[in-house]
Amino acid sequence: MRELVRMFLRRLAALFRRSGLEDDLDDEVRSHLEMAEELNLQKGMSAEDARREALRSFGGIEQTKENYRDQRGLRMIETTLQDLRFGLRMLRRSPGFSILAILCLTLGIGANAAVFSWVEGILFRPYPAVTRQEQLLALSGTARGESGPTAISWPDLLDLQRSCTLIDSFIVSKIMGTTLSVGDRAERTAGSIVSANYFDAIGVHPLLGRGFEPGEDSGRNAHPVTVISYQLWKGRFNGDPQIIGKTQRLNGVVHTIVGVAPEGFYGTFVGWGMQFWVPASMEEIFEAGGYKLEDRGARWIEAYVRLKAGVNAAQAQEEISAVGKRLEADYPDTNRGRGIKLWPLWQTPFNNAGTLLPTLEIMLAVVVFVLLIACANVGNLLLVRSFARRHEMTVRLAIGAGRGRLLKQLLTEGLLLSAIGAAGGLLVAYWCRHALVLLFPARAGVAMHLPGEIDWRVLALSAGVCLIATLLLGLVPAMQTSKLDLAGALKAESAGVVGGGGRAWVRSGLVLLQMSLSFVLLVGAGLLLQSLQRIRTASPGFSTREVKMTAVDLVSAGYDAQRAQNFQDELIERVKALPGVELAAFARVTPLGYGTYSSSPIAVDGYQPPLEEQPTVEYNEVGPDYFATLGIPLVSGREFARADDEKAALVVVANETMSAKYWRGRNPIGERVQVKGRWMQVVGVAKDSKYQSIREAPKPFLFVPRRQNFSVGATLNIRTPLSPEAVATALAREVRVLDANLAPYEVITLQEQLDRSTSPQKVAVTLVGILGGLALLLAAIGLYGVMSYAVSQSTRELGLRMALGAGASNLLRLVMSRGLALTAGGLALGVAVALGLTRLLGNLLYKVSPRDPLTFGSAFVIMTIAGLAACFLPAWRATRTDPVRALRE
Amino acid sequence: MPSSKSEVLQGTLDLLVLKTLDSMGPMHGFGIALRIQQVSEDLLQLNQGTLYPALLRHEQRGWIASKWGVSENNRKAKYYSLTRAGRKQLEEEAESWDRMSAMINRVLRTT
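Here the protein sequences line up with chains A and B, keeping their order. Mind the numbering: the first sequence is residues 1 to 889 in this note's numbering, read in order. Mind the numbering: the second sequence is residues 890 to 1000 in this note's numbering, read in order.
The set of hints was computed from the structure by calculation and includes no laboratory data. Predicted model only: the values in this text are computed from it and were never measured. One should not assume that every hint holds.
Claimed, not checked - Simulated pairs of lysine-lysine, DSS-like, Cα-Cα distance not exceeding 30 Å:
1. A/408 x A/661
2. A/676 x B/965
3. A/661 x A/576
4. B/908 x A/43
5. A/43 x A/246
6. A/308 x A/325
7. A/408 x A/341
8. B/965 x A/65
9. A/762 x A/325
10. B/977 x A/43
11. A/676 x B/977
12. A/687 x A/661
13. A/661 x A/762
14. B/956 x B/908
15. A/408 x A/308
16. A/661 x A/690
17. B/956 x A/43
18. B/956 x B/977
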């Protein structure tokens, strides 16, 4: 073994001292021959015989030297270096070809690397600063009869923590927002409510100060402390080294800053960068719905778990489910029909990992298509060049190069191309790291954070892609070379436009592949575009353009309930009095926004729930005139009025689905429903509308008067034909009259709100659209290349046809028909593939059939036009053939 | 690439080279070639050139060492000498050669 290593090292070393060793060899051989010659002379031979005899007994000198060289160095490496040098020379010699090929590969590999880096940075390792992410799982609740995940209550979480032995830690992290005023600047900021173990459990150590201490997550409002982010510290506190111990007002409550998180830590929420963290004990300050740490029915927590070493997800799930079952039995009032579920990080249901997952899945498929198309293009280019180099190859074979050696050289050239392409591609991926964020609409103040992560896994995958590309690229000309026969290559060759020649099927096949893949991408882009349009134009059940939405943050300003009520009553009167304003109403949560609705277990008179079900319903707290302002029609009864206040009887408005499910056709007006333990009387039934997402199925929903369920935070909805800017100016004036220190948030239409909520679809459409266009371009270039090559190779045939009387139009038709036959073949294949594949778009499609004929038709037309365009130039060139010159050549 | 036939020859050549250096002390390539031809009484027809890749291989394995020197008649020549590892290798190969030829003899005689 040691011997082998030594041998390898010596051979390796020999690679670097080649010229010196070469001299050595020459000297040694010369001295051998001279000695032999001398001996022969002594034996009495003539000078000439002595020399000849010496040479004869030595054997072939060059052959010996070659064997010696083989033994001396590492033949593999040596020839590889040789091939590389040669390959580089070939690339330099035809810069047009090289640039085109490298560009195609850069795009193909770059698109792959970029998507890999997004998948890695968003789905698989979303939190770069967090240690051992592979042990983290997301935790949510489940409820019978509800398809989606639910939040978890604090007492349930504590019980899980006590009972689970396979789980190292439960890590609570619930996103919330507040207005942060430092100095004279106030802006919307995202933060997290976390458990006290948060920083220790994720392995993030504050740069300054400390994380939270055990016990800081218990006791109502007992621990007003906060850890701020590095960006906040640098940006808003100017990197103050004395920051620890200073105070900051958050949602009106003074918090002591106890720590600064390290640079590069953005919290644990895919999509948004967190700016500060507070312990769960302060939950009431930031969350609607009052104090919830002792309320098992109040579900608000989003959490992660870290598994103990050696435990897998299935084992942990089993244990957690068992605990969930026990909780269900112990606390039937709150936990009936409830379970607990673990999710891999990339399926985390409560952040943008879940929303982006389908988009990224589609993107992965799309970039593979683009890579294939790019490879087919480069393969075609190489193929065309390999015809041009046929002479060179033939000569090499003739002077004794092995076919294996030729193959190796062609593969090396392919590798060279794809390696340069891969380097360029990684650069593209690096530039695109943060590109996803750009596709999402900017939202005032809050920083989107969707980083791509280029780590060794991404690099390894890209290298794999590069390797596959190499094989594909190298093999195409190699297939041609292996068919090369020495005799045949000496004969004159002629390729025909019509027949295409014997070998043209490879090139035609590649074009076919490109055309069909581009068609599939175009169809995909078209379908997504159509769904986006349908989503944008779908009626959410309320007016979108006429209603402007904004808010005034009284919570951060420290208003208590009474002051807030007075302020809001006053403001709504002033707003309604503004010229051009028709109606205005407050509501706690705005539909299709990021706020979460309150939810509560309910009981309905005369409705007996199935044994295992605890009916729960979401509701919104709305002010007088809310339905009229938003334009939600009432089916029967009345909406809330100012008279529905604290002193009046409790009332509620149900939606149609609610009415149908719990009153089963009876008129619910006058019936009773229990919400949050209080009985309320139904006074109206509203038409169904969309609440959380435009794509949601109709669901039971309730509205209650704000006055009877008051919380300070509220959004203001204004019905007016005025532009958002006009409303903003007028509103700012009115707000300042009431309180000079306050300013309203950005004013947007509900349509804008709706558009923002559909940004994942928009991102998918944009990306697939861009890549589909790219693919179309590449395919058109491929078709153009093949057709021009065919024309240039068959000038003789074209000339002959002309000489025999074919007119320009005949030739045009001849070339075009061949190009269009290729296009048609590609399209036929494309339709078949697309019909099979578009189903996979599944969830991203909205009210569009995956086989939508309009989309297929449009893609067909676009591809045909592209095909015509790509064929026209070569065909036109064919008609310009000079028959005399063509025949003479 | 060597065919299987020349590989047999190569193994033999290896042994002969090592043995020559063992009995004659440091020698140059031409001397080794001459000596092998003499000892084998010209029965072994050997292209002298094939010696050099073999010498290089031995050197790479550390069985022999080489040094430039001056020959009897004042000519620059590369001298090869057996190393300790080479001597051990020779013993092993000689032994296995003996075993092998004994076995072949036995086989030839019994049939």
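Do the hints match the structure? See the list:
{"no.": "1", "hint": "A/408 x A/661", "verdict": "violated (72 Å)"}
{"no.": "2", "hint": "A/676 x B/965", "verdict": "violated (107 Å)"}
{"no.": "3", "hint": "A/661 x A/576", "verdict": "violated (37 Å)"}
{"no.": "4", "hint": "B/908 x A/43", "verdict": "holds (27 Å)"}
{"no.": "5", "hint": "A/43 x A/246", "verdict": "violated (107 Å)"}
{"no.": "6", "hint": "A/308 x A/325", "verdict": "holds (22 Å)"}
{"no.": "7", "hint": "A/408 x A/341", "verdict": "violated (54 Å)"}
{"no.": "8", "hint": "B/965 x A/65", "verdict": "holds (19 Å)"}
{"no.": "9", "hint": "A/762 x A/325", "verdict": "violated (41 Å)"}
{"no.": "10", "hint": "B/977 x A/43", "verdict": "violated (38 Å)"}
{"no.": "11", "hint": "A/676 x B/977", "verdict": "violated (94 Å)"}
{"no.": "12", "hint": "A/687 x A/661", "verdict": "holds (14 Å)"}
{"no.": "13", "hint": "A/661 x A/762", "verdict": "violated (34 Å)"}
{"no.": "14", "hint": "B/956 x B/908", "verdict": "holds (19 Å)"}
{"no.": "15", "hint": "A/408 x A/308", "verdict": "violated (50 Å)"}
{"no.": "16", "hint": "A/661 x A/690", "verdict": "holds (17 Å)"}
{"no.": "17", "hint": "B/956 x A/43", "verdict": "holds (29 Å)"}
{"no.": "18", "hint": "B/956 x B/977", "verdict": "holds (21 Å)"}
Checked against the numbered hints above, the structure violates hints 1, 2, 3, 5, 7, 9, 10, 11, 13 and 15; every other hint is satisfied.
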